[in-house]
Amino acid sequence: MLTGQWFVDSSGARWHFEAGAPCLDFAYTGDFGYDNPQWERLHTPSDLQSWLVERFGPLRTDADAATLSAAKELRTAITRLARAHADDLAPEPEQIDVLNSWAARPDVAPTLAGGTEASAHATANQALATIARDAVAVFSREPDRIRRCSAKDCGLVFYDGSRPNARRWCSMQRCGNRAKVRTHRNRTKKENPT
Numbered sequence: 608m609l610t611g612q613w614f615v616d617s618s619g620a621r622w623h624f625e626a627g628a629p630c631l632d633f634a635y636t637g638d639f640g641y642d643n644p645q646w647e648r649l650h651t652p653s654d655l656q657s658w659l660v661e662r663f664g665p666l667r668t669d670a671d672a673a674t675l676s677a678a679k680e681l682r683t684a685i686t687r688l689a690r691a692h693a694d695d696l697a698p699e700p701e702q703i704d705v706l707n708s709w710a711a712r713p714d715v716a717p718t719l720a721g722g723t724e725a726s727a728h729a730t731a732n733q734a735l736a737t738i739a740r741d742a743v744a745v746f747s748r749e750p751d752r753i754r755r756c757s758a759k760d761c762g763l764v765f766y767d768g769s770r771p772n773a774r775r776w777c778s779m780q781r782c783g784n785r786a787k788v789r790t791h792r793n794r795t796k797k798e799n800p801t
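Just so you know, we're using the numbering used here here: the sequence shown kicks off at 608 and counts up by one.
Note that these hints are calculated values from the structure, not bench results.
It is possible that part of the hints are untrue.
Unchecked claim - Distance ranges between label pairs, derived from CB positions:
(1) K759 / D671: 38 to 44 Å
(2) G721 / G768: 26 to 32 Å
(3) D694 / A716: 43 to 49 Å
(4) A720 / E798: 52 to 58 Å
(5) P665 / R755: 22 to 28 Å
(6) V660 / R748: 25 to 31 Å
(7) T683 / K759: 40 to 46 Å
(8) P771 / R667: 38 to 44 Å
(9) N793 / S747: 36 to 42 Å
(10) G721 / D669: 26 to 32 Å
To be verified - Derived DSS-like pairs (lysine-lysine); straight-line CA-CA distance at most 25 Å:
(11) K787 / K797
(12) K759 / K796
(13) K759 / K797
(14) K787 / K759
Everything numeric in this text was worked out from a predicted model, so none of it was measured.
The beta-carbon is built from N, C-alpha and C at its ideal position, and this holds for glycine as well.
All chains should be built: construct the whole structure from the sequences, respecting the hints.
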């Protein structure tokens, strides 16, 4: 499954954000609770359809208005749970219930390419159930790996799946690079005071 997505910051610069888990990528199709409407990607059922097809391949049924509404409810639950874990807060039981309800539904069946029969395509609801199951795994597996970017001016939440559990930045392309530039400037300033 494809993970990560491109964002555009307020200056117009594009950067790739790999949230570390498909469920968090899905959560970032909205404003992630930051009240930033420019991040909203799911305005219409076809937006949801496109996002799911990009990650799961062709779907058997099209997303409709009810599916979009339900998807946004799932997204809100994932967002709130991720923020709670990142901030060491107790998760809201209502959000856990939403997530568990979705995770209990049939998900996308794994298939092996190369057979003689065409594999059955999933529905939008099955794709959403797969995202919910990913969230259950992420939030229950190692919740201490859900953290915020270390940049003081950022705060994006990601899952650190690195072996040493040492990821600090939402993106090396964005915050990691800015931190390196600041460190270099400070070091240069100390070595060459004017």
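We went through each hint and held it up to the structure:
For the pair K759 and D671, the beta carbons lie near 42 Å from each other, so the given range of 38 to 44 Å is met. At about 28 Å, the CB distance of G721 to G768 agrees with the hint of 26 to 32 Å. Against the hinted window of 43 to 49 Å, the Cβ-Cβ separation of D694 and A716 comes to about 36 Å, which falls outside the hint. Here the CB-CB span from A720 to E798 is close to 56 Å, well matched to the stated 52 to 58 Å.
Range check, P665 to R755: about 36 Å between beta-carbon atoms, so the 22 to 28 Å window is missed. Between V660 and R748 the C-beta distance comes to about 27 Å, which sits within the given range of 25 to 31 Å. Distance hint for T683 and K759: a CB-CB separation of about 27 Å, inconsistent with the stated range 40 to 46 Å. Against the hinted window of 38 to 44 Å, the Cβ-Cβ separation of P771 and R667 comes to about 41 Å, which satisfies the hint.
Take N793 and S747: their Cβ atoms lie about 40 Å apart, and the range 36 to 42 Å holds. Checked against the hint of 26 to 32 Å, the C-beta distance between G721 and D669 comes to roughly 28 Å, which is consistent with it. Pair hint K787 plus K797 holds up; C-alpha atoms about 15 Å apart against a cutoff of 25 Å. Between K759 and K796 the CA atoms are separated by roughly 21 Å; this keeps the pair inside 25 Å, and the hint holds.
Distance hint between K759 and K797 is fulfilled; the C-alpha atoms sit about 22 Å from each other, no more than 25 Å. Taken as a hint, the K787 and K759 pair is honoured in the structure, with Cα atoms around 14 Å apart against an allowance of 25 Å.
The structure is inconsistent with the numbered hints 3, 5 and 7, although it conforms to all the rest.
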